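Letter by letter, the sequence shown follows residues 3 to 119 in the numbering used here.
Note that these hints are calculated values from the structure, not bench results. All of these numbers come straight from a predicted model, not from anything done at the bench. Beta carbons: idealized from backbone N, C-alpha and C, even for Gly. Keep in mind that a hint or two might mislead.
Stated by the list, open to error - Simulated crosslink set (SDA-like; lysine to any residue; CA at most 25 Å straight-line): (1) Lys9 <-> Val112; (2) Lys64 <-> Phe99; (3) Lys17 <-> Leu32; (4) Lys9 <-> Ile70; (5) Lys9 <-> Ile107; (6) Lys64 <-> Ala18; (7) Lys9 <-> Gly65; (8) Lys9 <-> Tyr60; (9) Lys64 <-> Leu32.
To be verified - Just the calculated beta-carbon pair ranges, DEER-fashion: (10) Ala23 <-> Asp87: 25 to 31 Å; (11) Leu67 <-> Phe35: 38 to 44 Å; (12) Phe35 <-> Gly65: 40 to 46 Å; (13) Leu74 <-> Pro19: 23 to 29 Å.
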Amino acid sequence: MMTENLKIGRQLARKAPYALAITFIIFALLFVFGEVVWMNQVFASASGVMSVVFLLLYWHEKGGLYFILGLLSPLFAVVFSTLPDFLALAWVVNGFFNGAAFTLIAYLYVDKDAQRS
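Turn these sequences into a full structure, and let the hints guide you.
This is how it looks when you write it as structure tokens:
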């Protein structure tokens with residue numbers, strides 16, 4: 003029997019390819035208007051991956067601590083990033099969602115039950 007939490011994770015995973023496409027479009031626009039701070043992108047993508055992994059652990063009923071860690075993960079991207087202007091923050095936010103969407107797509111392909119349901 004599938005819990006409601008697992009359904010949420012799988013529904014998000016099925017929508018992740020659209021989110022990934024949108025983040026690539028936003029990246030293209032940001033390339034036109036501002037310069038990239040590559041370490042910001044590393045921190046942002048890593049925090050997106052961490053957030054989704056922690057939330058998936060929570061959705062798989064491994065403990066409520068993972069929910070808190072999943073919600074705190076975006077904070078790490080902002081804290082460890084250099085933000086000289088507003089566009090740098092846009093890069094970080096978009097990088098976070100790009101890492102999260104990529105991780106959800108990977109989850110969709112790894113979890114065979116998520117593909118069928």
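Check your understanding: Against the structure shown, which of the earlier numbered hints fail to hold, in ascending order?
Key -> Failing hint: just 9.
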